[in-house]
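4 protein chains.
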Amino acid sequence: MSEKLQVAVAGIGRMGMRHARHFANFTPRAELIAVCSPVQAELDAAKAEFGNIRLYKDYEQMLEQEKTLQAVVVASATTVHAEQAIKAIERGFHVLCEKPISTSPEISQSVVDAYNTSIKKFPNQKVICGFSRRFDASYRDAYRRTANGDIGTPSVFRSQTCDKLDPSGFFVAYAEFSGGIFVDCSIHDIDLALWFFGEDSKVKSVTAIGITAVQPDLRKHNDRDNALGIIEFYGGKIAQLYCSRMMAAGQEDCTEIFGTNGKVAVNTQPQLNLVNIYEPTGIRREIPPDYYGRFREAFITEANEFTASCLDNTAPPLRLDSAVRAVTIGCALQESLISGKKIEFEENGKRVEASKL
Amino acid sequence: MSEKLQVAVAGIGRMGMRHARHFANFTPRAELIAVCSPVQAELDAAKAEFGNIRLYKDYEQMLEQEKTLQAVVVASATTVHAEQAIKAIERGFHVLCEKPISTSPEISQSVVDAYNTSIKKFPNQKVICGFSRRFDASYRDAYRRTANGDIGTPSVFRSQTCDKLDPSGFFVAYAEFSGGIFVDCSIHDIDLALWFFGEDSKVKSVTAIGITAVQPDLRKHNDRDNALGIIEFYGGKIAQLYCSRMMAAGQEDCTEIFGTNGKVAVNTQPQLNLVNIYEPTGIRREIPPDYYGRFREAFITEANEFTASCLDNTAPPLRLDSAVRAVTIGCALQESLISGKKIEFEENGKRVEASKL
Amino acid sequence: MSEKLQVAVAGIGRMGMRHARHFANFTPRAELIAVCSPVQAELDAAKAEFGNIRLYKDYEQMLEQEKTLQAVVVASATTVHAEQAIKAIERGFHVLCEKPISTSPEISQSVVDAYNTSIKKFPNQKVICGFSRRFDASYRDAYRRTANGDIGTPSVFRSQTCDKLDPSGFFVAYAEFSGGIFVDCSIHDIDLALWFFGEDSKVKSVTAIGITAVQPDLRKHNDRDNALGIIEFYGGKIAQLYCSRMMAAGQEDCTEIFGTNGKVAVNTQPQLNLVNIYEPTGIRREIPPDYYGRFREAFITEANEFTASCLDNTAPPLRLDSAVRAVTIGCALQESLISGKKIEFEENGKRVEASKL
Amino acid sequence: MSEKLQVAVAGIGRMGMRHARHFANFTPRAELIAVCSPVQAELDAAKAEFGNIRLYKDYEQMLEQEKTLQAVVVASATTVHAEQAIKAIERGFHVLCEKPISTSPEISQSVVDAYNTSIKKFPNQKVICGFSRRFDASYRDAYRRTANGDIGTPSVFRSQTCDKLDPSGFFVAYAEFSGGIFVDCSIHDIDLALWFFGEDSKVKSVTAIGITAVQPDLRKHNDRDNALGIIEFYGGKIAQLYCSRMMAAGQEDCTEIFGTNGKVAVNTQPQLNLVNIYEPTGIRREIPPDYYGRFREAFITEANEFTASCLDNTAPPLRLDSAVRAVTIGCALQESLISGKKIEFEENGKRVEASKL
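Residue numbers (the working numbering), protein chains in the order written: chain A, 1 to 357; chain B, 1 to 357; chain C, 1 to 357; chain D, 1 to 357.
Once the Cα atoms are required to be at most 27 Å apart in a straight line, the calculated DSS-like pairs of lysine-lysine come out as:
#1 C:4 <-> B:4
#2 A:47 <-> D:4
#3 A:350 <-> B:341
#4 A:202 <-> B:341
#5 C:204 <-> C:99
#6 D:341 <-> C:204
#7 B:204 <-> A:204
#8 D:350 <-> C:341
#9 A:4 <-> D:4
#10 C:47 <-> B:4
#11 B:220 <-> A:202
#12 D:341 <-> C:202
#13 B:67 <-> B:120
#14 C:47 <-> C:99
#15 B:341 <-> A:341
#16 B:220 <-> A:204
#17 C:341 <-> D:202
#18 D:57 <-> D:47
#19 C:99 <-> C:120
#20 B:202 <-> A:220
#21 B:204 <-> A:341
#22 C:204 <-> D:204
#23 D:204 <-> C:220
#24 D:341 <-> C:341
#25 D:220 <-> D:164
#26 B:67 <-> B:47
#27 B:202 <-> A:341
#28 C:220 <-> D:202
#29 A:341 <-> B:350
#30 C:341 <-> D:204
#31 D:47 <-> A:4
#32 B:204 <-> A:220
#33 A:4 <-> A:57
#34 B:341 <-> A:204
#35 C:202 <-> D:220
#36 A:99 <-> A:87
#37 C:204 <-> D:220
#38 A:120 <-> A:4
#39 C:4 <-> B:47
#40 C:350 <-> D:341
Just so you know, the hints here were simulated from the structure itself, not pulled from any lab data.
Small disclaimer: the values here were computed from a predicted structure and weren't measured.
Work out the full structure, taking the sequences as your base and the hints as a guide.
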């Protein structure tokens with residue numbers, strides 16, 4: 001048996017190919033052995049790039065036939081994440097599932113349930129949902145300082161995930177399945193809030209507002225192109241979020257954690273690289289055009305740490321159940337965005353009924 | 001008659017003395033002729049600093065006896081702003097009133113009403129409320145670009161007014177009369193939102209949440225030390241606010257205006273001056289300790305432009321009625337902060353009754 | 001006799017008018033009473049702006065006739081700085097002379113000599129040469145930290161004075177009298193080096209090189225548009241300079257002082273104000289177009305502190321003789337720039353003869 | 001025969017191990033097959049880390065016995081770089097030699113000569129000297145803009161390589177073989193100057209000065225801990241350099257290229273990552289502690305591009321002979337630093353004899 005983790009990637013569109021590259025080329029302890037896609041052109045492209053791998057159109061066939069397979073990366077369309085993840089989990093494979101597990105909290109929970117059942121049979125099994133920012137060197141530095149008490153008690157959290165304007169209309173079509181801007185974009189910020197405030201933080205209320213400044217057709221899918229949300233947690237912690245599809249200069253993701261003794265800020269001065277250009281109009285720098293330009297290194301770290309936890313049977317780098325909590329909050333924000341209502345929760349997680357508000 | 005605007009300052013505590021200095025020393029077209037304070041020590045200090053001025057313990061006496069007086073700066077305690085402003089307005093004096101006119105929208109409106117009556121008798125009379133950021137060179141640069149269409153349609157507004165932590169407990173005592181953190185701090189941000197979005201922007205809803213992370217005693221006065229608010233305006237514009245009394249490094253005031261084609265950001269990288277210090281712990285810069293450290297130049301510009309508008313009978317640099325709108329929104333946010341309810345408004349400005357929500 | 005310092009300005013071209021404004025409008029303890037210029041249009045402009053002042057075409061006539069005159073600001077063409085300064089000094093007036101006193105070290109020294117003689121007769125007389133950066137808040141902050149030992153022993157100094165490109169050819173005509181780029185621009189950097197390293201630092205050698213990248217006609221006047229210089233001081237300190245007339249974005253003046261335990265950097269990230277503009281080409285900020293855009297506040301501080309030292313008979317804010325040392329070093333650099341030779345000095349200040357090199 | 005480039009690393013001290021890792025783990029098209037070191041502990045460490053590789057104490061033995069070997073990375077002590085490189089070149093291996101090839105221009109040239117001879121026999125052979133900055137994304141961005149004409153004609157170059165203070169005395173011992181600070185540190189800056197100004201730029205003169213501010217014992221080895229140099233090139237281009245062993249905050253490497261229409265600046269605002277820390281003393285960020293912290297990614301790119309050029313027989317990513325020019329200039333600066341003399345060159349590269357100066 002090989003010393004390298006034997007990995008297959010399901011779904012090799014843009015993000016799937018990136019995962020394939022990270023495991024094939026930048027994860028020394030892993031070996032990419034197979035990929036699967038219903039699209040022949042994607043399989044051809046993978047073959048051209050990776051050479052000696054096996055190709056499948058059918059996901060279950062891959063799981064059956066790859067006898068040395070150990071781990072599956074689920075990077076297919078969001079709508080099949082959960083189904084594919086559960087199939088791999090039930091067969092005992094390690095799973096790295098792209099975020100979100102599902103745009104539905106219930107379906108997300110079903111994956112957690114499947115894992116909780118499966119792990120009794122496969123006690124070394126690792127299943128994680130890929131929240132890439134948890135692997136980013138800057139976020140980790142900020143987290144380390146916060147956990148170390150350098151800023152006192154973290155109390156206020158501000159974070160934004162703002163995409164570059166894409167005038168092609170892509171985001172309108174995408175909105176049909178994305179779960180909405182809070183589920184698609186802010187899920188990262190919500191996950192960070194849970195990380196910095198404590199995984200077991202209980203949400204008390206959420207309120208959201210939004211507009212369609214550049215893509216009015218998003219309203220067809222109950223979505224917005226700019227939205228603001230505020231979140232109360234039990235225990236005296238609050239968060240504000242901004243998500244957008246309208247940035248001119250590029251991807252603008254940043255986070256601030258305000259504590260009782262100080263603050264850490266991540267990427268509040270975005271930049272593509274270390275170059276400044278001095279020209280008659282002033283001093284200029286470019287910024288990354290998309291999240292991959294910002295987080296490529298984090299994805300590679302994710303692949304390496306996931307691999308190490310599988311091979312060495314160590315604790316996975318993050319807990320699967322936090323993905324459920326994040327999507328639950330994201331969905332509540334999305335609902336508030338559309339309904340215009342504040343949504344409140346009891347400390348046990350149950351929603352306060354509207355009649356009691 | 002003198003060519004210089006003859007100015008008196010009412011209230012010469014910390015901020016009043018600064019106004020006195022700005023008019024006496026840095027406003028070439030103005031002359032400080034009198035000050036008034038109920039506190040003898042303050043009068044002594046003013047005499048020591050300004051020499052040839054007249055001193056009053058009684059405000060009305062000053063208005064009566066200063067025969068050459070043309071303009072009054074009201075910089076007394078917020079609780080008497082409106083009363084003093086009205087007395088000066090009714091006598092035909094130009095008035096520069098420190099913000100807020102009042103922590104009550106109704107009382108604020110009564111000052112506007114007094115001015116609207118008085119100006120029929122004194123058609124050249126100028127009355128403004130001192131929103132200092134309107135005079136800041138950076139905010140003006142940002143406004144000019146926005147008004148010029150450089151960022152497309154301004155659609156999302158983010159602004160924060162965050163004070164340095166004062167462990168003395170000052171803010172607890174202060175909260176009794178401040179109107180609350182949204183009225184005291186965020187009033188500036190709200191005024192900026194109205195400026196950038198258009199003075200006649202109509203608020204549709206406000207929601208706020210907050211905590212007491214460092215000063216639990218603020219709850220005695222229905223106040224908080226950190227609060228987040230979101231504001232919807234009719235016409236597809238939204239704003240998010242953060243106000244705090246907990247900053248470690250100094251005053252952190254910043255603003256971003258996101259438009260459909262770009263963004264302008266003001267002071268998102270705060271700094272005291274142009275010095276960077278390289279030391280074994282890294283690279284460090286200091287930031288202003290308080291709002292005056294950040295906005296001193298703006299206050300001086302305010303004094304000069306107010307003076308010019310009085311002497312030259314030109315349009316005042318800002319409209320008085322926007323101060324009423326700002327305080328109205330600030331009070332609604334403060335109410336939402338305490339009640340936990342979202343507050344909605346009809347387009348005509350009337351509140352939507354809770355039963356209809 | 002007036003309580004305000006009675007000031008006249010000689011030379012009211014662009015910089016002279018600025019000095020006149022600083023004293024008339026922004027120096028509360030000073031009063032501008034007269035100006036002098038051979039150019040009628042300049043006198044007319046001053047009259048229009050300042051109103052109640054007296055105008056002179058003849059400098060000596062002004063000194064004779066202004067019976068209440070106390071202080072003279074010499075802001076005329078550099079070629080007459082020394083002559084006018086000496087005339088005022090000999091009559092016992094306080095003098096603020098624009099830099100440089102002269103492009104010649106010998107003539108500069110003659111002004112110091114005149115002052116040293118005059119002060120015996122007028123023991124309260126103040127004479128300074130206006131090195132504006134000494135009055136800049138950022139340089140002062142950096143100096144305070146350095147003097148306080150925060151960076152250990154200051155050992156290496158880097159500074160640059162780089163003007164925005166002026167394609168009009170102005171700098172070619174200007175070069176005829178400017179003394180050359182090291183005397184005109186780098187004089188400020190040299191003065192700073194002497195300030196940070198100690199006024200009595202002894203220069204050991206200078207070497208310079210340069211080019212004409214954009215204004216080849218500068219060679220007619222033995223000047224260059226870009227030049228680099230290095231300076232050794234006795235006692236183990238070194239400095240590097242860059243001066244230029246070629247900057248695209250605006251004025252780029254910055255300074256770093258490297259000590260044995262740290263560094264202070266001034267304006268290594270230049271900016272016009274606190275605005276950042278986000279647009280499709282990236283994030284942009286503007287920078288000041290010229291030295292006055294960068295140092296206006298410093299000039300005003302200079303006027304106020306000069307005034308205070310005259311009125312209160314306190315030590316002037318800087319020593320006159322350091323101006324001679326700065327111009328001596330500047331001239332040596334300019335000579336090296338043209339001759340291509342390294343120039344060395346004995347510790348007593350005498351030049352090492354070429355034959356001994 | 002393997003599809004992957006078969007690579008051996010000679011010298012597996014700190015930098016050699018890094019190269020080994022880059023080829024073993026982060027260069028998908030390469031395979032690390034052997035390492036060599038005279039030190040058993042280093043061999044043991046490599047075995048522990050890389051597993052299935054072969055170990056050699058004798059360099060020539062490795063070259064003889066590794067029958068599938070294709071490329072050698074020379075990362076041993078600088079003193080044996082040239083000798084080992086030549087041995088590999090003569091056997092027809094591809095070679096990536098750490099910088100500098102030698103601290104002697106003549107010995108450096110002998111490696112170029114060996115390559116020029118060898119390539120007649122092995123026409124596909126690639127030999128490069130590892131100037132890591134040429135592979136850095138920021139430097140490449142700056143270069144691309146410069147080559148594209150964005151800044152007009154590049155005319156003035158400023159660059160510094162400044163190491164963090166190491167109080168252990170390491171640099172004193174190291175100075176015995178390093179070739180001196182200009183050869184060890186500034187070689188990178190000189191290489192960049194040749195890249196940005198054009199590989200065939202001819203040096204006209206060099207002058208250098210320096211001090212020992214923190215390590216006076218460096219004088220035993222004719223070295224300094226801080227040095228400044230200026231370089232004239234034929235054709236109207238000039239450069240200034242600063243090298244130091246005294247930085248408090250970390251590695252401070254930065255470069256500016258001033259053109260007739262603009263400037264590009266690389267890393268003038270150094271940072272470890274995207275985190276800013278707000279605390280009572282201000283806002284702070286950390287910076288990389290050493291050159292590897294700054295340039296790790298560049299080294300990995302170097303390994304990948306060297307591999308690709310060997311496997312695909314494409315042009316190597318940089319020319320070997322520029323390494324000779326860089327070390328020639330570095331040695332001249334080092335000589336000037338110690339002698340105190342300016343050194344001049346004819347356009348054909350010959351030194352102007354002192355008697356003619």
